[in-house]
Structures are given as structure tokens and as C-alpha cells.
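With chain A held as given, fit chain B onto it using these hints.
Protein sequences appear in the order of chains A and B. Position 50, counted from 1, in the first sequence is what the numbering used here calls 50; the numbers after and before it change by one each time, with no gaps. Count along the second sequence from 1, add 362, and you get the number used in the numbering used here.
Derived by calculation from the structure, the hints in this document are not laboratory data. Do not take every clue at face value.
[Stated by the list, open to error] To spell it out: a stretch of chain A is covered by chain B in this simulated footprint if at least three of its residues, at any positions, have a beta carbon under 8 angstroms from a beta carbon of chain B; those stretches are:
1. 110-124
2. 237-251
[Unchecked claim] Mimicking DSS-like on lysine-lysine, the simulated pairs with C-alpha atoms at most 30 angstroms apart in a straight line are:
3. B:Lys394 - A:Lys253
4. A:Lys32 - B:Lys681
5. B:Lys472 - B:Lys549
6. A:Lys128 - A:Lys138
7. A:Lys110 - B:Lys479
A quick note: this is a predicted structure, and the numbers were derived from the prediction, not measured. Here a beta-carbon is modelled for each residue, glycine too, at the ideal position from N, C-alpha and C.
Protein chains: 2
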Amino acid sequence: MKSNRIFNFNPGPAALPVAVLEEIQQNFLDFKGSGMSITEISHRSQQFEDVINDAMARTMRLLNLDDRFDVLFLQGGASMQFAMIPMNFLAGDRTADYIDTGTWSAKAIKEARIQGKNIKVVASSEDKNYAYIPRNIKFNQDAVFVHLTSNNTIKGTAWSQFPDTNGIPIVSDMSSDIMSKPIDTGKFGLIYAGAQKNVGPAGVCLVVVRRDMLDRIPETVPTMLRYNTYATKNSLYNTPPCFAIYTVHLVLKWLEETVGGLDEMAKLNHKKASLLYDFMDTGGFYRPTAEADSRSLMNITFRLPTAELEQKFVQEALKNGLGGLKGHRSVGGCRASIYNAVTLEAVEALLDFMKNFENKNG
Amino acid sequence: MKSNRIFNFNPGPAALPVAVLEEIQQNFLDFKGSGMSITEISHRSQQFEDVINDAMARTMRLLNLDDRFDVLFLQGGASMQFAMIPMNFLAGDRTADYIDTGTWSAKAIKEARIQGKNIKVVASSEDKNYAYIPRNIKFNQDAVFVHLTSNNTIKGTAWSQFPDTNGIPIVSDMSSDIMSKPIDTGKFGLIYAGAQKNVGPAGVCLVVVRRDMLDRIPETVPTMLRYNTYATKNSLYNTPPCFAIYTVHLVLKWLEETVGGLDEMAKLNHKKASLLYDFMDTGGFYRPTAEADSRSLMNITFRLPTAELEQKFVQEALKNGLGGLKGHRSVGGCRASIYNAVTLEAVEALLDFMKNFENKNG
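Isolated chain A, as found in the complex:
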């Protein structure tokens, strides 16, 4: 770690690879010999087209997508997707199934209902405070999609395997685990991810859509809220968030060329998470909040014996160069977000701190 940097366990916006930050910094006043900053060049220039096309091509390769899919860059984060999905895909009396695994799933459900859409919540883990992922779900065969949240940032749970929907396309919020491991994209109709956790800074939302999903979008949907607008214009209908897309492009380049792709990334992410879970499971001072078979590899949520100790833990950790360990304000406790850019070195430093803190306070 560089002397002026901390180990960053923030849940999002979150750590970015240092090599990416350094490349941005180095070229910030003169992007590729243009004599302009990346924040000053035209989105219609060849230089920027190369950036956005490269980000799309790397997304296709990393996720192993076939040519039925388009990669789009939108604004408004996952929260805007909660509104756009029913607006685009649930014309008239079309219906969809939603699975409720916590705060973000619930917001997606709420936005469909605000628009008066006919949706059904087919499973929920609210009965145990969202500490698990529902199994054996019965889906409605007239649903045009099944919506789920692949990784629950606040509750610390994740789908280790996606459900069998009998061919109904899955629409998934993958904001907090996109690009953390390979996925079977054949099951999905649409994947969306606010970039600010695993693939970039806040201000851009990565969307992967299977083109046949775009067939029945109502004419009354405004241009900027139609997926078609982005699919047919290479996400350049209007001025896109250029700096955020540029950063995503650099993060994906790092993921392909430095890390070596999603298989390698998954191995490292599994190792990082196991270090923390295995340690907590053998003690008793730190208690993971998610059930063992539903645990997230990205957001490790845990409690200490008392709220006072949790506060002390977060404060002392920061003094030791470990930031962002406070749990979400809606649930309390502690949380270590260990996204792709959080290094093994950072996780080992956290583990050491946890052991020392337990020795002093346990």
C-alpha cells in the first residue's frame, strides 16, 4: 500500500485498481496526444469511440456473451433501471415475477408498482431478516421475466446458483457482483449494474440486454428511457458520461490483461472471502449475519458482541488504515466489501486487525 492510501472496504463507491487510478492521473491533461483531457474531448471523436467500443468489446469477452446480446451504458444507476425495466417490458397486462431478497429487490418491486404494473412477488426471505436466498421457487409461466438481485450488498447474501425459471429470462441487478466471477449468461434477458462497486466510478450503469427483449417497448416511453435508443445508437444518442465510461474501460482492461479474466478473478475473490469467513466460523467473537449457504463473496456482513464494540471496531480500524467497515445504516453491524479491486493484501491486513482487536476486546 502506498503511504498516502488506505485499504478501502467501502460498499460503493468503492476501491478502484491503483494502476487504473494512476493511468487516469498521468493522462488527465492530455488524453492520447489529443491536447485535451478525457473530460474535454468530444463524444463524437474517434478517440472516444475507441474508448466506448473497447469497453463494450471487453464486456462481451469477459462475460462470454454471444451476438444475441448488446452492451449499453446508461445513466441514473441501478435505481433508474428499477423504473425502466417495467416501463419497457411490461406493456399492457404483461406480468413478471419478482424475488425479494432485501432492500434493493424491494425498491425494484416498488418502482414496478408505482407504475401500476401487474407483477407478482413469488418468493421473499423477509421472514428471517433476509439472511438467506430463497430456494424451490414456483414461477408463473405467463411471466415475461423473473427479476432478482444477484448479490445483496446490505444483507450480505448472494445467489451461488441462479434458479431454474423454465426458460423465462432472468432480469438481474448485478451491481455488486458483476464481473466478480463467470456467469451462465444464457439464462438472462437483461443484466444491469451501477458501475461504482466492481467496474468503475459512480455515474454510469452497465446494461447487457438480449435483443429479443426489445421487441415490444411501448411507443409512449420517452426516448431516453427506451433501451432501444441506446442499443441502436451505440449508447451515443446523447452525450454519455464520458469520464465514467473511460474509467470502466480501464478497469475492464485491467481485469482482462492484469488479472487474467473472470476465472482468475473468481479464484481470488473466493480466497479473499474464505479467509474472513473461515476465521469468523472458527471463533465466535465475530458472527457472520448471512446463512452459510447464502453468503456473499463481495459483502461480508458480521456482528460483534455489542454495538459499542462494533463502533470501536470501525473507528480503530480506520486509525489502522482500514476504511469503510461500518454496516449499512439500515441494519447496523459491520461490513467488509471486498470487491474485485480490493487486494488480498488488504484482506490479510483486515484479518490481522480483526485478530488483534479480538485479543484486546474478546
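Using the frame of chain A, we list chain B on its own:
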């Protein structure tokens, strides 16, 4: 000019103050001693709250806004505002007047009509290819707002004075001249501006709204598309585009503390535009496309005797370190965008080049 930089006359994304770019660069790996990049810090941190609050406070001071107004930061650019304005303000059979002064006005009109809203186009300058700003407009007294585009980036026209609407609030797209001069904000119900011309990078839209405009927003408008969501949550309902807001904050700081406010900025902008218009008016080789009383001070659109000379002009200018002088693809010709961050030095360099080019080719 630094050796590796060019004079940037891009229409947007556009030039930013070099001092702002240097400050971003210098602090990019460690924002205010946090040990994190501005792209890595939490939007719920005190550090980021200070940034967004400062950007809002400076907007209030620079535009001389009273406490009836809120400053908001949204995503999706002005194009998303075209959709949000009718969605929020034209419930049921409410009606509004729109003025058509070119491409961007027309897009605003189109988005209201896509939603089936009852609007009237009360004036248009289409008859003369949008080379002028309409005068003596009769407004409908049942209109809940009058929509206009204050500066027309593509056609090179601007409102030097806003129309008397008999008290109907004006809703204005000010993307290309926000903060370029003082305005009488008392006439306005809502002002919006994609940041990437005068106040920052692409990826954030500055909105100023008079709070009484927010009284009758329909319940069916999705959360992310309601102005209220931003007004009641300090634009932090969800993760905002942190880097773009940070840059806006630095640009506004530069505008207040280095330039000295909008009166000073207006003087400089007037001087820059006059240099170019006065030169063109005394010759005949370069012909401004906008009528004299409707000219923009931000986007100087002009023609040369032939399309071949225009192409040569743009290419030779770039070789001489003057970039972005091509007219919009929909109208052809040439355009010098001389927003706030384009220096007098840059305009003087352009003027010298224009004189030399005319001497060689006239």
C-alpha cells in the same frame, strides 16, 4: 498554453479551466487526506457532502437565487429533462407553451408529445432555418410554463432578453450558456443545464427549480424521475455522479474566486465574441449564420465561401493547435464554441489564424 495542450473550441464536452484539471490531477489518488480517490469515497461521507453542498451554495450565490429555489444534480443530461419536465408538470389536461428555436427545442417538444401531453408551439424560427430568435410572442394564459432554449448550440443564436410571459414561469434549457452571464432568475420556474459545456464534464445535469413547481407531480411518476426525490434528499437519494459533481464544484469555485463572478465572466465573454463577430462583419470571407440581433456569445457559427474551404479551414486550424471548429453535422459550416473556460488568449489565437487563412485563401 502548455506545450501539450491545444486551444479547445469543442461544442461539448468542452474546455475546462486548466487550474481545475490540475487540481483534479494532483489530488486524484488521495482526496483531502482520505487516502482514497474522489472516485472511491462514499457519497454518504462528510467529505462528499461538503463537495455537493459547496456546489449547491455556489450555484445559489452565482445565480443570485433566493430561497424559493432548490439546486439539484441529476443524471441523463438535458435530454432526460426533455422527458421529465412534461412528466412532472403536465398532469392530466395541463398545458404548456413551447418555443421552437432549433434542434434542441424541437427535441424538447417531441418528448412532450411522445407522452401525449397537451402542449402548444407558440413560436418558431424554422422559416429562416432558425437564424433568429422569435419576438412578440403571444402566450396562452392557461399555460403552466413556457419552455425555451436560451442558447442554441447548433444554430448559433441566443436570447439576449427573455420574453415577457405575463408571469407564466419560464422553463429553460441553459445547457450552453448557464453561468456565462447574470440572469433575472425571477422569471424562471426551472432552469436545466447539461454540465459539459459551461460548468463541468459530461455526466451531470444542473437543475434549478422554484419549489412551488413541485406541488402537483403525479404519484405515478417513478422515484428517479420525480424532481421531489432530488429536492427532498439533497440530490443523494441514490449514488450521484460523484466525480462530475466534484468537478462542477471546482469549476464554480474557479468562477467565483478566480474570475470574480458572473458580471466579470459576462464582460470577458462579450469581449471574446465581439472580437470574432467584429472581424467577420468588416470582411466578407467569413459570414456569421445568425442574424445580428440574435447572435450567441457562446457558439459562433459561420460559413466560408465554399464547403471545400471550410474543410481546409478546420483541418489547418487543428494543425495549428486550434481544435473543435467543425460545425454540427446537421448544418455544416464552422463553429467556434467559446464557453467560459475558453480563454481570451485562445480567441486571439483563433482570430490570428482566421486572418492568415483568409490572406492565403481569400
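query = Regarding the pair lysine 128 of chain A and lysine 138 of chain A, is the alpha-carbon distance no greater than 30 angstroms?
reply = OK: lysine 128 of chain A and lysine 138 of chain A at ~20 angstroms, within 30 angstroms.
task = Count the residues of the stretch 237-251 of chain A whose CB lies closer than 8 angstroms to any CB of chain B, then report whether that count reaches three.
result = Holds: 9 residues of the stretch 237-251 of chain A have a Cβ under 8 angstroms from chain B.
inquiry  = Need the status of pair lysine 394 of chain B, lysine 253 of chain A: alpha-carbon distance at most 30 angstroms?
reply    = Distance of about 28 angstroms is within 30 angstroms: holds.
inquiry  = Check whether the Cα positions of lysine 472 of chain B and lysine 549 of chain B lie no farther apart than 30 angstroms.
reply    = holds, 24 angstroms
request  = Starting from lysine 32 of chain A, check that the Cα of lysine 681 of chain B is at most 30 angstroms away, please.
outcome  = holds, 16 angstroms
message = Can you tell me if the stretch 110-124 of chain A counts as covered by chain B, using C-beta to C-beta distances under 8 angstroms and a minimum of three residues?
response = Holds: 5 residues of the stretch 110-124 of chain A have a Cβ under 8 angstroms from chain B.
Straight-line alpha-carbon gap lysine 110 of chain A to lysine 479 of chain B, limit 30 angstroms = Holds - the C-alpha atoms of lysine 479 of chain B and lysine 110 of chain A are around 25 angstroms apart, at most 30 angstroms.
Of the hints listed earlier, there is not a single one the structure fails to meet.
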